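Novice: If you want the building blocks of each chain, they are given just below.
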Amino acid sequence: MSAEPAGKHSFVYLAIGVAFGVVLTKSEVISWFRIQEMFRFQSFHMYGIIGSAVVTAALSLQIIKAFRIRSIDGEHIGIPTKVVGRPGPSHLLGGTLFGLGWALVGTCPGPMYALIGNGVTVMIVGLAGALAGAWTYGLLQPRLPH
Amino acid sequence: MWDLISNPWPWYVAGPLIGLVVPLLLLVGRKRFGVSTSLQHICAATVPRGLAYFNYDWRREGTWNLVFVLGVLLGGLVAATAFASPNGVINISDATREDLGALGLTDLSGLLPREIFSWAGLLTFPGLVMIVGGSFLVGFGARYAGGCTSGHAITGLADLQLGSLVAVIGFFVGGLVSTHFILPLLL
Chain A
6 MSAEPAGKHS FVYLAIGVAF GVVLTKSEVI SWFRIQEMFR FQSFHMYGII GSAVVTAALS
66 LQIIKAFRIR SIDGEHIGIP TKVVGRPGPS HLLGGTLFGL GWALVGTCPG PMYALIGNGV
126 TVMIVGLAGA LAGAWTYGLL QPRLPH
Chain B
-6 MWDLISNPWP WYVAGPLIGL VVPLLLLVGR KRFGVSTSLQ HICAATVPRG LAYFNYDWRR
54 EGTWNLVFVL GVLLGGLVAA TAFASPNGVI NISDATREDL GALGLTDLSG LLPREIFSWA
114 GLLTFPGLVM IVGGSFLVGF GARYAGGCTS GHAITGLADL QLGSLVAVIG FFVGGLVSTH
174 FILPLLL
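Chains as they are written, first to last, in the working numbering: chain A, 6 to 151; chain B, -6 to 180.
Honestly, the hints are just simulated from the structure, not real lab data.
Only a predicted model underlies this, so the values are computations on that prediction, with no experimental measurement involved.
Treat the hints with care, as some may be off.
[Said to hold, decoys possible] With a cut-off of at most 16 Å between alpha-carbon atoms, the simulated EDC-like pairs for lysine to aspartate or glutamate come out as follows:
1. Lys13(A) <-> Glu54(B)
2. Lys70(A) <-> Asp152(B)
3. Lys70(A) <-> Glu80(A)
[Claimed, not checked] Below, a sample of chain B positions facing chain A; criterion: calculated Cβ distance under 7 Å:
4. Pro9
5. Leu17
6. Val28
7. Tyr46
8. Thr56
9. Phe61
10. Val62
11. Leu66
12. Leu70
13. Ser86
14. Ser111
15. Met123
16. Leu130
17. Val131
18. Tyr137
19. Gly167
For every residue, glycine included, the Cβ atom is placed at its ideal position computed from N, Cα and C.
Let's have the full structure, built from the sequences with the hints guiding it.
Specialist: Listed below in structure tokens is the structure:
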């Protein structure tokens, strides 16, 4: 996937990230209250956001495939299907552990960065916790079922 | 016009904009949208400790992703300052307000319950479990599952990946257990 030198198009990735952070904030996806509302099935808001994001992304992928659209550097966009792999225990167990944490801290990784930007400085501790979790996964990876 | 930008954005505006991140990253440099990979890159850059999972060229693989998440942080700052909502109240449903009130949360006025998500709240038992424990599980689970909401629920589902569907089912199993069984014990 990464045939280009590190740092190429960095300004564009930064700009897309800024736009994503603005949308996460303005749509209240970063709110612990919205996540609680979602897990209590008491509003369509989060489902509407995730659902319409999936539909938009799926249509975009079909358009890229159908018209064989190339990247801005003229490279063929081969959409990698092997990245996710066959469904296995890692998806179910990892997904369930993620969900347990998601409802407690009320934020997934993207909103966690956006919350720090929103001045919720205690989420720096949250980010450190998430890093500790990712590191622990790296430590235990050889021994976990996948 | 300004009201439309500064007031909270409806789902049918925000969702498609988030979905567009997927093709944009592919068009710029054939990158796959995913936020939790940044956690792996940060670990690989700081404390790899010889672990196989962190043994790769993070500069080559991960620089774009680290720049992207820095952008997300800055986007939060921009939204909170330049286009801040006129009142900071999150307009959640009355049913959710009642449920959270019944759990003992009294201040529902901000982005998140300040009695827990603050430096003072961090020093309480529920605050420690929810902030540190919850985040730890988010980081561990996302890397174990191979992705979080962006990688699995959005990119993976859009690409019709069965593994992503299984992961998203896991997200909800875990989320429902925490919401209905663990939070009532903590709060």
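Novice: Hint by hint, say whether it matches the structure.
Specialist: Here's how the hints hold up against the structure:
Among the hinted pairs, lysine 13(A) with glutamate 54(B) is consistent with the structure: their alpha-carbon atoms are about 12 Å apart, no more than 16 Å. A distance of roughly 11 Å separates the Cα atoms of lysine 70(A) and aspartate 152(B); the hinted pair therefore holds under the 16 Å criterion. Our distance criterion of 16 Å between C-alpha atoms is met by lysine 70(A) and glutamate 80(A), whose separation comes to about 13 Å. A distance limit of 7 Å between C-beta atoms decides the matter here; for proline 9(B) the minimum to chain A is near 4 Å, and the interface restraint holds.
For the restraint placing leucine 17(B) at the interface with chain A, the shortest Cβ-Cβ distance is roughly 6 Å, inside the 7 Å limit, so the hint holds. At its closest, the beta carbon of valine 28(B) sits 4 Å from a beta carbon of chain A; the interface hint therefore holds under the 7 Å criterion. Among the interface hints, the one on tyrosine 46(B) holds; its C-beta lies about 4 Å from the nearest C-beta in chain A, closer than the 7 Å criterion. Hint status for threonine 56(B) relative to chain A: holds, with the closest Cβ pair at about 4 Å, below 7 Å.
Look at phenylalanine 61(B): its Cβ gets to within about 4 Å of chain A, closer than 7 Å, so that hint holds up. Proximity of valine 62(B) to chain A holds as hinted, the smallest CB-CB distance being about 5 Å (cut-off 7 Å). A hinted interface residue such as leucine 66(B) counts as satisfied when its beta carbon comes closer than 7 Å to some beta carbon of chain A; here the least separation is about 4 Å, so the hint holds. The beta carbon of leucine 70(B) is positioned within 7 Å of a beta carbon in chain A (closest approach about 4 Å), and the interface hint is therefore held.
For serine 86(B), the interface hint holds, the least distance from its beta-carbon to any beta-carbon of chain A being 5 Å, beneath 7 Å. The criterion of a C-beta within 7 Å of any C-beta in chain A is met by serine 111(B), whose closest approach is roughly 6 Å, and the hint holds. Annotation: methionine 123(B) was flagged as interfacial toward chain A, and the flag holds, the nearest CB pair being 5 Å apart, inside 7 Å. Annotation: leucine 130(B) was flagged as interfacial toward chain A, and the flag holds, the nearest CB pair being 3 Å apart, inside 7 Å.
With 7 Å as the threshold, the beta carbon of valine 131(B) comes within range of chain A, its nearest partner Cβ sitting at about 4 Å, so the hint holds. Hint on tyrosine 137(B) holds. Least Cβ distance to chain A is approximately 3 Å, under the 7 Å limit. The interface hint given for glycine 167(B) is met, as the beta carbon of that residue sits about 2 Å from the closest beta carbon of chain A, less than 7 Å.
Violated hints: none; the structure is consistent with every hint.
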